[in-house]
Amino acid sequence: MIAVRREWRASYAFVELNYRALKRYWGWELVWLVFAIVNALTVAYIAPGGREVAGEAFATDRLVLFLVIGTVVWAYLQQVFDSVGFMIAWQRWEGTIESTFMAPARRLAMVAGTSAFAIAYAFVRALLVLGVVSLFFDLDLLQANWLTALAVICVGSVGFLGLAVMVAALPLLFLERGEQMVMISLAMLLLVSGVFYPIEVLPDWLEAVGRLSPATYVLEGMRAAVLDGASIGDVAELFPPLVVIAAVVLPLGVVVFRTAERYALRSGRLKRHG
Amino acid sequence: MTTAVEIVDLEKAFDPSGLVGELRRVVGRPTTPVAALRRVTLHVARGEIYGVVGSNGSGKSTLARIVATLLTPDAGRARVFGHDVERKSAEIRRMLNRVSVDASFFKKLSPLENLVFSARLYDLPPSTAEPRVREILQRLGISGAPLNRPVEQMSRGMQQKVAVARAFLTAPVLLVLDEPTTGLDPASKRDVQAFIQEVRDSHDATVLLMSHDMDEIARLCDRMAVLDDGRIVAQGTPASLAAPGETLEDAFIRLTGHALGDTTNRRTERAEPAGVGETRP
Chain A
2 MIAVRREWRA
12 SYAFVELNYR
22 ALKRYWGWEL
32 VWLVFAIVNA
42 LTVAYIAPGG
52 REVAGEAFAT
62 DRLVLFLVIG
72 TVVWAYLQQV
82 FDSVGFMIAW
92 QRWEGTIEST
102 FMAPARRLAM
112 VAGTSAFAIA
122 YAFVRALLVL
132 GVVSLFFDLD
142 LLQANWLTAL
152 AVICVGSVGF
162 LGLAVMVAAL
172 PLLFLERGEQ
182 MVMISLAMLL
192 LVSGVFYPIE
202 VLPDWLEAVG
212 RLSPATYVLE
222 GMRAAVLDGA
232 SIGDVAELFP
242 PLVVIAAVVL
252 PLGVVVFRTA
262 ERYALRSGRL
272 KRHG
Chain B
145 MTTAVEIVDL
155 EKAFDPSGLV
165 GELRRVVGRP
175 TTPVAALRRV
185 TLHVARGEIY
195 GVVGSNGSGK
205 STLARIVATL
215 LTPDAGRARV
225 FGHDVERKSA
235 EIRRMLNRVS
245 VDASFFKKLS
255 PLENLVFSAR
265 LYDLPPSTAE
275 PRVREILQRL
285 GISGAPLNRP
295 VEQMSRGMQQ
305 KVAVARAFLT
315 APVLLVLDEP
325 TTGLDPASKR
335 DVQAFIQEVR
345 DSHDATVLLM
355 SHDMDEIARL
365 CDRMAVLDDG
375 RIVAQGTPAS
385 LAAPGETLED
395 AFIRLTGHAL
405 GDTTNRRTER
415 AEPAGVGETR
425 P
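Taken in sequence, the protein lines are chains A and B. The opening residue of the first sequence carries number 2 in our numbering; numbering runs sequentially from there. The opening residue of the second sequence carries number 145 in our numbering; numbering runs sequentially from there.
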């Protein structure tokens, strides 16, 4: 019981830390929010632009919503990766990594607290992006089934976290290139997960890789829920792969992180850098 | 007497490639590891202030990191109150804290926010931690508005005091202080030194103090070791290491063959360890 309370407090420490950092760096957060909104708008305008270029009539409104869902889920995923994937990089940059790692809290508490904040913040941020983008387009959201969308994003988030924890180990291993490697991992997810197109348009081997990404199923479920008003039952086939991916990727992420930490302790890579 | 820190034949080397173990053997370029610690043996008794003095690059920080569970030794043994630093790191982390030469904080956060974060990691609720933070920092000469301003707005010396407060906040039974007064003005240095003594006396804490400040070592330490090029070249009380009429700095030069801070040609010029009264060739 005492151990649970201790780890709970330690987890909360990371929630509070991230919240306080968010308040202190609010200017930067605003800049990144504007960046996410501009990105989403840019992508969404591809739909009416495509109609102009092709000179043919096609379901522009449906394509706009298809792309908007992609940008909003992408903004969410990106924020989770930013908060969790860069938790080590940030502490290394601040120089606090040694004092944090020397504390008696388990690494799991660090991951849990950072993840909890990341999910909550990413969710609010994604809603803000959706809200602003919807002002620019006549989005038909009346038929959307938000309960299904919420269920899909909740289950899918566990897999996102697993991937983020895994790539968070990279700055432990690669002092100078670790952060860039986190970004490359994110870019690869962008390519294979069908963020802006159905993954069926990819070459077979890339489509197969895309089937391993939780984002693929989250996007399929979100689009079914928002575009077609699908119920949870209608998208039931998406949950088993999401659960399996989560069950594999999250523990694997923790193991990879622990292994990377042991390697850092042996090679002296915890030492402040930069 | 209980042994607080037991170091036996401790060795640590760093490979310039940054690779270790099998990975280095398989994919590493042919590089020669640089030895940071060479068969270091020392024992620190409970309640003692034990100093380790050496030039930059002598291995002090490596030793401090191993004791603080932030680095795994290659060979030998390192135990803190009987717990092995590698296998029982969780137990050790509960009773230890460290001040490093870099006062590292979340720079946009205030000292209070930084220390409350640290306290939570040590299972101290803010209701207990905050009064203690204020008390320690006041004792070190920081109070009022600076407590709530971002750390980045504080001077280097003030940041170092906050780092000292962070370490003392958790009332550790072992304090590893790696050049804790570097960058402090003389008055602040005296404040911190007095506080270290006070904590040892009132809380029964053991202190492992890494320094290249001979006055600090002489003033604070019950016993000390001279570390040079990763080797312990002498151990004893500060008084016993200095020959009659010699200062500790003179003794350091006699023992290591170079002045404190002079790291040039150390390896080629350093002779075998020489004890008090022995003459160097």
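It should be emphasised that the hints constitute simulated quantities derived from the structure, not laboratory data. As the structure is a computational prediction, the values presented were derived from the model and not from experiment. Here a beta-carbon is modelled for each residue, glycine too, at the ideal position from N, C-alpha and C. Don't take every hint at face value.
Have a look at the derived ranges for each label pair, beta carbon to beta carbon [as the list claims (entries may be wrong)]:
#, chain 1, residue 1, chain 2, residue 2, range
1, A, L151, B, G288, 43 to 49 Å
2, B, R183, A, F175, 29 to 35 Å
3, B, A331, A, E30, 51 to 57 Å
4, A, R108, B, G288, 46 to 52 Å
5, A, E30, B, D394, 34 to 40 Å
6, B, Q297, A, S232, 51 to 57 Å
7, A, A121, B, A338, 27 to 33 Å
8, B, K232, A, L64, 57 to 63 Å
9, A, V5, B, G288, 36 to 42 Å
Dumping the calculated EDC-like pairs for lysine to aspartate or glutamate here, alpha-carbon to alpha-carbon at most 20 Å [to be verified]:
#, chain 1, residue 1, chain 2, residue 2
10, B, K232, A, E30
11, B, K232, B, D218
12, B, K252, A, E30
13, A, K272, B, D153
14, A, K24, B, D218
15, B, K333, B, E274
16, B, K251, A, E262
17, B, K333, B, D359
18, B, K251, A, E30
19, B, K252, A, E262
20, B, K252, A, E17
21, B, K232, B, D153
22, A, K272, B, E155
23, A, K272, B, D359
24, A, K272, B, D366
25, B, K333, B, D345
26, B, K251, A, E95
27, B, K232, A, E262
28, B, K252, B, E230
29, A, K272, B, E230
30, A, K272, A, E180
31, B, K252, B, D218
32, A, K24, A, E95
Hint-by-hint comparison with the structure:
1. Hint check: A/L151 to B/G288, Cβ distance near 47 Å, so the stated range 43 to 49 Å holds.
2. Distance hint check for B/R183 and A/F175: the Cβ-Cβ separation is about 32 Å, which falls inside the suggested range of 29 to 35 Å.
3. Here the CB-CB span from B/A331 to A/E30 is close to 40 Å, at odds with the stated 51 to 57 Å.
4. Between A/R108 and B/G288 the beta carbons are some 37 Å apart, a value that contradicts the proposed interval 46 to 52 Å.
5. Judged by the Cβ atoms, the range 34 to 40 Å given for A/E30 and B/D394 is violated: they are separated by roughly 57 Å.
6. At about 55 Å, the CB distance of B/Q297 to A/S232 agrees with the hint of 51 to 57 Å.
7. About 45 Å separates the C-beta atoms of A/A121 and B/A338, a value inconsistent with the hinted range of 27 to 33 Å.
8. Distance hint for B/K232 and A/L64: a CB-CB separation of about 60 Å, consistent with the stated range 57 to 63 Å.
9. For A/V5 and B/G288, the Cβ-Cβ distance of about 38 Å falls inside the hinted range of 36 to 42 Å, so the restraint holds.
10. Between the alpha carbons of B/K232 and A/E30 the distance comes to roughly 40 Å, so the proposed pair goes past 20 Å and is violated.
11. Of the pairs offered as hints, the one joining B/K232 and B/D218 holds, with about 16 Å between alpha carbons and a cut-off of 20 Å not exceeded.
12. Under the criterion of a C-alpha separation no larger than 20 Å, the hint pairing B/K252 with A/E30 is consistent with the structure, at around 14 Å.
13. As the CA atoms of A/K272 and B/D153 are separated by approximately 23 Å, the hinted pair breaks the 20 Å bound.
14. With a CA separation close to 43 Å, the supplied pair A/K24 and B/D218 exceeds the 20 Å bound.
15. Using a Cα cut-off of 20 Å, the hinted pair B/K333 and B/E274 is violated, with the two alpha carbons roughly 24 Å apart.
16. Under the criterion of a C-alpha separation no larger than 20 Å, the hint pairing B/K251 with A/E262 is inconsistent with the structure, at around 24 Å.
17. Among the hinted pairs, B/K333 with B/D359 is consistent with the structure: their alpha-carbon atoms are about 11 Å apart, no more than 20 Å.
18. Proposed proximity of B/K251 and A/E30 is supported: the alpha carbons are some 17 Å apart, at most 20 Å.
19. Annotation: proposed proximity of B/K252 to A/E262 is violated, straight-line Cα distance about 26 Å (limit 20 Å).
20. The straight-line distance between the Cα atoms of B/K252 and A/E17 is roughly 14 Å, inside the 20 Å bound, and the hint therefore holds.
21. Among the hinted pairs, B/K232 with B/D153 is consistent with the structure: their alpha-carbon atoms are about 19 Å apart, no more than 20 Å.
22. Distance restraint check for A/K272 and B/E155: the Cα-Cα separation of roughly 18 Å lies within the 20 Å cut-off, and the hinted pair is therefore satisfied.
23. About 28 Å separates the Cα atoms of A/K272 and B/D359, which puts this hinted pair outside 20 Å; it is violated.
24. For the suggested pair A/K272 and B/D366, the alpha carbons sit about 29 Å apart, so the restraint of at most 20 Å is broken.
25. Between B/K333 and B/D345, the direct Cα distance comes to roughly 18 Å. Compliance with the 20 Å bound is thereby established for this hinted pair.
26. The suggested pairing of B/K251 with A/E95 holds, with an alpha-carbon distance near 7 Å, which does not exceed 20 Å.
27. Between B/K232 and A/E262 the alpha-carbon distance is near 15 Å, which keeps this suggested pair within the 20 Å criterion.
28. Restraint check for B/K252 and B/E230: the C-alpha separation of about 33 Å exceeds 20 Å, so the hint is violated.
29. Between A/K272 and B/E230 the CA atoms are separated by roughly 17 Å; this keeps the pair inside 20 Å, and the hint holds.
30. Between A/K272 and A/E180 the alpha-carbon distance is near 16 Å, which keeps this suggested pair within the 20 Å criterion.
31. A C-alpha spacing of about 37 Å is found between B/K252 and B/D218, which places the hinted pair above 20 Å, so the restraint is violated.
32. About 17 Å separates the Cα atoms of A/K24 and A/E95, which keeps this hinted pair within 20 Å; it holds.
Violation of the numbered hints given earlier is confined to hints 3, 4, 5, 7, 10, 13, 14, 15, 16, 19, 23, 24, 28, 31; the remaining hints are satisfied by the structure.
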